[in-house]
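Colleague: Read off the chains here:
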Amino acid sequence: MTDVAAETQRTSSALGSVTTVIEPSKGWAKLGLKELWQFRELLYFLTWKNVLIRYKQAILGVAWAVLNPVITMIVFTVIFNKLLHVGTGKYDVAYPVFVYAGLLPWNLFSGSLASAGTSLVGNSNLITKVYFPRLVIPSSAVLSAIPDFLISFVVLVVLMFAYHVVPTWQVVLLPFFTLLALLTAMGVALWLSALYVLYRDVQYIIPFLVQIWMYISPVMYSTERISKAPGWAQVIYNLNPMTGVIGGFRWALFGEQAPSSLFWISAAMVVVVFVSGLYYFRRMERVFADLV
Amino acid sequence: MSAAISISGLGKRYMIGAKQERADTLRDAITNVVGRPIRRLRHAGSSTGHVTHMWALRDVSLDVEPGQVIGVIGRNGAGKSTLLKILTRITEPTEGRIEIRGRVGSLLEVGTGFHQELSGRENIYLNGAILGMTRNEIGSKFDDIVEFSEIAEFLDTPVKRYSTGMYVRLAFAVAAHLEPEILLVDEVLSVGDVAFQRKCLGQMGQIAGSGRTVFLVSHNMGAVRGLCTRVVEIEGGRLVADGPPEEIVNAYIAKQLAGAGSVLELPRPLGKSDELLITAVRVVDDQGNTTGPFHSSSSITIEIDVDIARTSASYQVGFDLLSSGGIVLRSWHTDGPVDDWAPLEEGHNTLRCVLPAGLLNAGSYAVAPRADAYRSHWIVNGDEAVWFDVVKDHLDSPFSWVTNPGPLAMLLDWGSANGHEPPADPRRSDGEPELTLREPELKLRESGVEPEPLPEPGAVDAPTPPS
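Line order of the protein sequences matches chains A and B.
Numbering (the numbering used here) for the first sequence: 5 to 296.
Numbering (the numbering used here) for the second sequence: 77 to 543.
Hints in this document: simulated from the structure, not taken from any laboratory.
It is possible that part of the hints are untrue.
To be verified - Taking beta-carbon pairs under 10 Å as the criterion, some of the chain B residues facing chain A (in silico): (1) 83; (2) 90; (3) 144; (4) 151; (5) 165; (6) 168; (7) 191; (8) 204; (9) 229; (10) 231; (11) 341; (12) 342; (13) 345; (14) 375.
As the list claims (entries may be wrong) - Computed cross-link-like contacts, EDC-like style, restricted to lysine to aspartate or glutamate with a CA-CA straight-line distance of at most 16 Å: (15) 331(B) <-> 311(B); (16) 468(B) <-> 361(B); (17) 348(B) <-> 422(B); (18) 60(A) <-> 232(B); (19) 60(A) <-> 193(B); (20) 348(B) <-> 381(B).
What the hints assert, rightly or not - Under 10 Å between C-beta atoms, here's a sample of chain A residues computed to sit facing chain B: (21) 49; (22) 52; (23) 293.
Please read these numbers as outputs of a predicted model, since none were measured by experiment.
All residues carry an ideal CB built from backbone N, CA and C; glycine is no exception.
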C-alpha cells in the first residue's frame, strides 16, 4: 500500500461554481462530514434501496421483523426463564417483556453491524466506478436497520399492553439509547468494513463476534446479577457499550435500576469506538478502490 | 478564462509483486508482522525489500479549456483508465495536483448500481442519485429519461426480466441526462446495439456541442474523431501526443500499423523432444509478410513448425485462436475429415492453416499451438501463444461510423422473405470474389459482445463472498 493519499476539498469560488482539488496528502484524513452532508440524498437513496430489496427478496418480507424477535423471545423465555430460572432482577415485569426489551436494541445493533460490516465489499462495483464519500455505504447499511426496529417496536408496545406494563416518564429517553445502539453498530462496522477490504477473514469474524457479544451483553439476563461481582469486574463488564445501551433501554421503558455511574463507562466506549472507527475508515478510504 | 481541468505533474504508483507485504488474510498479516524482523535482517540494506513499484501514470500535465471535448487514446494498459479514475476521485494520485472548476459528472460504466430486483422506475432514481443527480433533478427529467430509453411499458417490471438491450437502454438513458459542467466518460459505448450506440453518440454530440467540457477515454477512433476537438495520446503512463483529432488519431493508427503490438515468436520450443516439438509458429499474409499488422483483406496463414521424433498416427497438431480478451474463438486441429489429414512425418514438418480474408475484425489475436497424442495425453496444451494485430480494411461503408464490435468481420448477405435476392453490388465485378466491399445496411447483431453483466450491488443482508 502506498502511504500517500489524496485530500480533496470542495470550495466555492466567487462565481458560485465548484472547484475540486485533487492531490495526495499524508497522515490522518479529515472526517469530511460536510461532504457527507452534501451527499445526503445518495445516503437516502441507498438506504431506501437496501430496505426495498430486503423486503422484496424475502417471501415473508416485513413479517421477519416481527418473527425474528418474537421467536427468539419465546425460546429465551422457555430455556432461560422456565427451565434455568433466570429472572428479571429488579425489573418488575414479566420475563417475555423483559427479554424482548433487550432483544430490540440488540437486534438493531447486531443486524446493522452484520450488514454494514460487509457493505463496502458488497458494494465494490460502486466503489470502483463512482466517487462519493465512502462513509455513505456503511451509514446507509446501518440506517436501513431502522424500519425493522420500528416494526419490532410495535410488537413491544403490544406486549407491554398485554402484560399491563406502564411506561414511565423516562420513555422520552428511548431515542437517545436507540441512537447509542446505532452509533455503537456504526463504530464497530466502520472498523470491520474497512478491515474487510484488507482481510477477507472479516466475513467469518462478524457472525462469530455477534454471537459472542450477545452473551457478554445483558440481553437474556439482568445486569443485577453482575452487580454482585467485584468492582473491577463490573468496570470491565461495562466496557461493552451494549451493556449501557441495553440497561438504559430497559430503564427508559420500565423505570427501575437507573443507570449507575458505570453507565458512563459504556457511553464513553460508544464514543471511543465510533470516533476511532470514523478515523480509521477515513484513513483507509484512500486505498479502498485499489484493493476492493 | 481559467482552465476547466488543470492537471500538473500527476503520477500514480502501484505496488506489484509484493506478495509478502500484501496480506490477503489475517493469517498472512500476522505472519508478516512476526516475520518482518527476520526479513529485515535478510534484506539488510534494501529498504524496499522485494517490493516493486509500477508507475501507471507519471508526469502528466494537461490543461483543458472550458468547452473543449478532449479525447484520450492509447493502448490497453497505457494509463488512460488510471487517469480517468484519478479525475473522478475513485482512486488517489501518488503525486501531482488536479484542479477541476465546475460541477463534475462521471460515467465510467452505464447502469452503475442497478439492482436486478428493483423496477425500472426505482433504478432510474437510484442510478441517478449514484451519478450525482438530486431528487428534484431526476424528478424533472424522469419523463425524458423514460422516453429516451424506449421502455415506458416496462417501467414497473424488475430489471432482472429485461433483455440486455432494454437494460442498457435504460442505463444509458439515465446517464445521458446528466448535466454537469464537466463530463468524464470512459469507454461506455461498447455496449448496446449499433442503432442505440449512434443515438447515444448523438446525445453526447449534443452535450459536446452545448459548450460543456467533456473528457472522453476511448478506443473508438470513430467516436474520438467525430466528437472531440482535441486529442491526447497516453503511452506507458505518459502523455506522448496532444493536438487536433485528425492529426493525433492518424498518427496513432500509423504507429499501430507499424506493428508494435505483434509478438510473433514462441518463447521456447514447446512439447517433448522425444515425441513432438513445436519449434515455431508464424503468421503470414498473402504477400508473404510475417511481421504484421495484418490486413483483414488478406488471408492470414498460420504456419506451425513441428519436429517429430518418432512418427505416430495418434499425433494431432492444431491451435486455438483467441481474441484479445482471452476467449477462444475456435480451435482447429489436423484431424479434420479423414481425407484431409495433414501428413505428419518423422523429422521436420511445416503445417499451414489458412484463415480466409475477411474473417477477423480489427483487434489483437493470439494463436496458441496445441499438440496431443490422440486419446492419450497433451503434448502442448495451449499455454503459450503468439500475438498478432489485425487492421480492418476490407469494408468501409459510408454508413459505418464506428467499427462494429466483435472479433468476426465476415460479410454476410441479406435477403428478405419478400423474395428479393441479395442486391447485386456493382463493385463486386472488380475481380475480388472473396470480398464484398458493400456494407450490409442491416447489421449482424454482433455476436459474442454481450455487455458485461452489470454486477449487482451486494444486498445488505446477503454478504457477497470475497472475490
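Colleague: All the hints need checking, so say for each whether the structure fits it.
Modeller: Verification of the hints:
1. Interface restraint check: residue 83(B) against chain A, minimum CB-CB distance 9 Å, threshold 10 Å, status holds.
2. For residue 90(B), the shortest C-beta to C-beta distance to chain A is roughly 7 Å, which falls under 10 Å, so the interface hint holds.
3. For residue 144(B), the interface hint is violated, since its Cβ never comes within 10 Å of a Cβ in chain A; the closest pair sits about 17 Å apart.
4. Violation of the interface hint for residue 151(B) is found here, the shortest Cβ-Cβ separation to chain A being roughly 21 Å, above the 10 Å cut-off.
5. A cut of 10 Å between beta carbons decides the hint on residue 165(B): the least distance to chain A is about 4 Å, and the hint holds.
6. For residue 168(B), the shortest C-beta to C-beta distance to chain A is roughly 3 Å, which falls under 10 Å, so the interface hint holds.
7. For residue 191(B), the suggested interface contact is upheld, since its CB lies about 6 Å from the closest CB of chain A, less than 10 Å.
8. A distance limit of 10 Å between C-beta atoms decides the matter here; for residue 204(B) the minimum to chain A is near 8 Å, and the interface restraint holds.
9. Interface restraint check for residue 229(B): the shortest CB-CB distance to chain A comes to about 21 Å, outside 10 Å, so the restraint is violated.
10. Hint status for residue 231(B) relative to chain A: violated, with the closest Cβ pair at about 16 Å, above 10 Å.
11. Hint on residue 341(B) is violated. Least Cβ distance to chain A is approximately 34 Å, over the 10 Å limit.
12. Against a cut-off of 10 Å between C-beta atoms, the interface hint on residue 342(B) is violated, since the closest Cβ of chain A lies about 35 Å away.
13. Using the Cβ-Cβ criterion of 10 Å, the hint placing residue 345(B) at the interface with chain A is not satisfied: the shortest such distance is roughly 40 Å.
14. At a threshold of 10 Å, the smallest CB-CB gap from residue 375(B) to chain A is about 42 Å, leaving the interface hint violated.
15. Annotation: proposed proximity of residue 331(B) to residue 311(B) holds, straight-line Cα distance about 12 Å (limit 16 Å).
16. Note on residue 468(B) and residue 361(B): the hinted pairing holds, with a Cα-Cα distance of about 14 Å set against a maximum of 16 Å.
17. Simply put, residue 348(B) and residue 422(B) have alpha-carbon atoms about 14 Å apart, close enough for the 16 Å limit, and the pair holds.
18. As the CA atoms of residue 60(A) and residue 232(B) are separated by approximately 14 Å, the hinted pair is consistent with the 16 Å bound.
19. Among the hinted pairs, residue 60(A) with residue 193(B) is consistent with the structure: their alpha-carbon atoms are about 7 Å apart, no more than 16 Å.
20. Taken as a hint, the residue 348(B) and residue 381(B) pair is honoured in the structure, with Cα atoms around 14 Å apart against an allowance of 16 Å.
21. Because the closest C-beta pair between residue 49(A) and chain B is about 4 Å apart, less than 10 Å, the hint holds.
22. Because the smallest distance between the Cβ of residue 52(A) and any Cβ of chain B comes to about 8 Å, under 10 Å, the interface hint for this residue holds.
23. Hint status for residue 293(A): holds, given a least beta-carbon distance of 5 Å to chain B, under 10 Å.
The structure fails to meet hints 3, 4, 9, 10, 11, 12, 13, 14 from the earlier list, while all remaining hints are met.
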